[in-house]
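Q: Chain residues, written in single-letter form:
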Amino acid sequence: MTAAPTRDSSFASLLAAVRRGQTVGAAARELAISVDLADAMLDEAKRLGLAVSAREACGTCSAPVTPASCLGCPAATRTDE
Amino acid sequence: MFHRDRGVVTYPSCDPVPAPGELGAASVLLIGNPNVGKSTLFNALTGARQRAVNAPGTTLEIAVGTWHLDGAKVGVADLPGAFSLDSRSLEERAVAEALAEAEHGTVALVVLDATALPRSLYLLAQVIDSGRPVIGVLTMMDIARSRGLSLDVDELAAATGISVIAVDPRRRLGLDALATTLAAALAAPVAVPHAVPAAVAGEADVERWFSWVESVTDAMPPQTPRRMTATDRIDRVMLHPWVGVPVFLLVMWGLFELSTTVAGPLISAIASFAEGPVADSVSSGLGYLGAGGGWFEGLMIDGVLTGLGVVLSFVPLLALVFLALGVLDGSGYLARAAVVADRAMRVIGLDGRAVLPLMIGFGCNVPALEATRVLPRARQRLVAGLLVPYTSCAARLPVYLLLAAAFFPQQAGTVIFGLYLASVFLVAIGGLAFRRILGDAAPADRESLILVLPPYQRPDMRTLGHSIVARLRGFVSEAGKVIIIALVAMWALAAIPVRGGHDPAEVPIVDSALGVGAEAIAPVLAPMGLDDWHIAAALASGLVAKEVAVGALASSYAVDENDDGAGAELSDRLRDTLAETSGGHPRVAALAFMVFALAYVPCLATVGQMRRSLGRRWTTIGVGVQLIVAWVLGTLVFQVGRLL
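Chains as they are written, first to last, in the numbering used here: chain X, 1 to 81; chain H, 1 to 644.
Don't read these hints as lab results, they were simulated from the structure. Take the hints with a grain of salt, since some may be wrong.
Covered, in the sense of this in silico footprint (three residues per stretch, anywhere, with C-beta under 8 Å from a C-beta of chain X), are these stretches of chain H [what the hints assert, rightly or not]:
#1 136-142
#2 509-521
The calculated label-pair distances, taken between Cβ atoms and stated as ranges, are [claimed, not checked]:
#3 X:A12 to H:R642: 29 to 37 Å
#4 H:S150 to X:E30: 48 to 56 Å
#5 H:A526 to X:G49: 30 to 38 Å
#6 H:R145 to X:E30: 52 to 60 Å
#7 H:P527 to X:A16: 45 to 53 Å
#8 H:P523 to X:A16: 55 to 63 Å
#9 H:V469 to X:G49: 47 to 55 Å
#10 X:G49 to H:M461: 26 to 34 Å
Note that the Cβ used here is the ideal one computed from N, Cα and C, for glycine as well.
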């Protein structure tokens with residue numbers, strides 16, 4: 001079984017850095033972890049619903065397909081329109 | 001049909017597709033992230049000896065095959081690619097359940113991508129936690145080397161505490177070493193302390209697994225540090241509190257200017273075109289058909305055509321705002337603006353993205369309501385949508401200008417600026433009130449939505465163009481219907497004679513249903529010092545559009561607002577009226593009038609858009625609250641002001 005963490009969690013620190021507006025690269029540099037690790041952490045955070053990619057957020061829906069996060073939005077232009 | 005034979009799975013190659021549940025008989029489970037070479041390894045191990053079966057508990061088809069290992073046949077299952085075992089997707093559930101249901105002695109071969117090791121290690125951590133015997137199979141070593149990544153298999157094995165074999169399944173390199181290691185693992189089954197629960201992992205598990213991944217990667221040779229990108233350099237400036245906020249305000253000012261200065265002439269041009277050449281043509285056409293003059297022409301010209309003109313006049317404004325928002329979003333700036341504004345908006349229970357629609361609202365409430373869609377949560381969209389009408393749109397400016405010039409000629413600018421400040425204050429108070437009533441629209445900081453910022457890039461203009469056209473079509477077809485119907489209803493009220501024996505559509509407002517109605521509601525305005533039918537008719541007409549209120553005042557006083565000196569004459573009439581209705585406090589009553597104009601229902605176009613964005617129930621509540629708030633504030637201003 002993998003051991004319990006023995007130091008402050010980089011996962012929580014990374015989320016805090018991104019919450020402050022850091023990009024993934026900048027946050028990884030600040031925490032002295034690899035960008036690959038930071039990417040993996042943020043992907044998992046997105047899967048857990050703790051974070052959302054700005055591209056996947058509703059935005060102005062310039063994406064060709066209405067993102068899933070827009071589906072509940074009454075103002076969203078439905079793709080079947 | 002599968003057969004157990006000396007601890008391994010065997011089955012005839014001509015069997016039909018096995019039924020679900022038979023996967024549990026496989027002795028080797030191939031596990032890995034998607035696209036790590038897992039299936040290539042599976043094909044290299046099993047060749048053509050493969051069958052499709054359903055993954056446990058799902059209809060997901062996965063391949064099982066036979067690996068001839070030291071003369072024995074070993075059943076191998078190629079499980080779906082997964083990033084995690086927390087059962088959030090069909091693939092993850094299949095892998096988690098295959099591990100949980102695997103028989104004693106089953107070995108997990110976890111394929112590790114050397115080019116994306118942390119991601120693979122995260123899955124490995126969870127498989128190790130399952131208690132199954134685990135062997136790491138390192139793939140993509142050639143690609144990792146070509147990228148300058150250096151990985152030592154022995155160091156990785158030492159850091160992870162499991163056997164790790166580097167393989168290249170395409171060239172069949174490392175398969176013998178893998179066979180030897182696997183045979184040893186199968187010969188010495190390890191007790192399983194617990195099975196992987198097919199449940200969603202908690203944050204504490206995730207932190208523990210990532211801490212383990214970090215400890216493994218720390219033990220490996222350091223990789224070349226990533227250099228600062230252009231996005232990082234720009235963000236150092238754009239997200240700095242002392243620079244980011246002024247830049248953000250500048251961008252917001254630009255949006256405000258766009259929805260007023262730039263779009264204004266376009267709106268006027270379309271309105272003039274509808275009221276001029278188009279109206280003349282329709283009038284001529286109706287005359288030619290023998291339907292000219294009378295109420296039908298009034299209905300067509302002043303009702304339907306005016307409504308259509310109002311709807312179409314919004315099209316360039318909306319197109320410009322959608323284009324600007326799309327460019328800001330596509331370039332990656334919108335996400336930065338949200339981060340900069342986040343703290344201020346959290347005070348009123350919203351997150352940073354809500355600042356955009358609220359700022360646009362100072363130009364026009366209609367596109368601002370449309371812009372509430374930038375908010376990811378339904379409750380945030382609802383709260384922002386209910387607050388937008390309190391932002392003082394440009395259409396309210398003519399009302400402020402008329403009254404400020406008439407009653408505060410020396411301080412008109414200050415009064416108007418004060419009204420804009422009052423608008424900001426109303427939004428803040430409204431936000432706090434909604435926060436108290438509805439709870440936080442944005443989640444608490446610890447659980448707040450974290451926006452992963454994208455790199456800056458050039459927006460895809462073709463996609464943006466398609467999006468703008470689709471959304472304009474939506475506005476014209478949905479909000480447009482409501483606007484036209486409402487304007488026709490207002491026309492009908494002003495055209496129907498109630499007294500005086502006038503012909504329909506040729507009735508003075510005072511004798512029309514609108515005028516009589518205004519007389520009836522005028523006493524309601526008495527606490528604001530505005531008990532007069534001209535004022536009531538103007539405010540009722542202002543429901544159509546705020547700028548209509550000025551025209552309605554002019555026509556109710558039988559003053560042509562376009563004549564020279566008519567503005568001055570209208571001001572005189574207004575001063576006389578308010579002096580009478582306010583009991584000698586006309587300036588305070590004028591202030592109450594302006595505050596009421598600021599806070600009550602912006603226009604029918606906004607109501608139409610609210611109906612589209614928020615639904616009928618919340619639109620009704622929102623409009624009701626606006627009328628009550630406007631009346632209470634107007635009354636407060638007048639009642640307190642006259643005492644000062």
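Q: Look at each hint and say if it fits the structure.
A: Here is what the structure says about each hint:
1. 136-142: violated (count 0)
2. 509-521: That given contact is violated, which follows from only 0 residues of the segment 509-521 of chain H lying within Cβ reach (below 8 Å) of chain X.
3. X:A12 to H:R642: 29 to 37 Å: violated, 58 Å
4. H:S150 to X:E30: 48 to 56 Å: violated, 24 Å
5. H:A526 to X:G49: 30 to 38 Å: At roughly 54 Å between Cβ atoms, G49 (chain X) and A526 (chain H) fall outside 30 to 38 Å, so the hint is violated.
6. H:R145 to X:E30: 52 to 60 Å: Cβ of R145 (chain H) to Cβ of E30 (chain X): about 29 Å, so the range 52 to 60 Å is violated.
7. H:P527 to X:A16: 45 to 53 Å: holds, 52 Å
8. H:P523 to X:A16: 55 to 63 Å: Given about 58 Å between the Cβ atoms, the range holds.
9. H:V469 to X:G49: 47 to 55 Å: violated, 33 Å
10. X:G49 to H:M461: 26 to 34 Å: holds, 32 Å
In summary, the structure is inconsistent with hints 1, 2, 3, 4, 5, 6 and 9 from the numbered list given earlier, while agreeing with the others.
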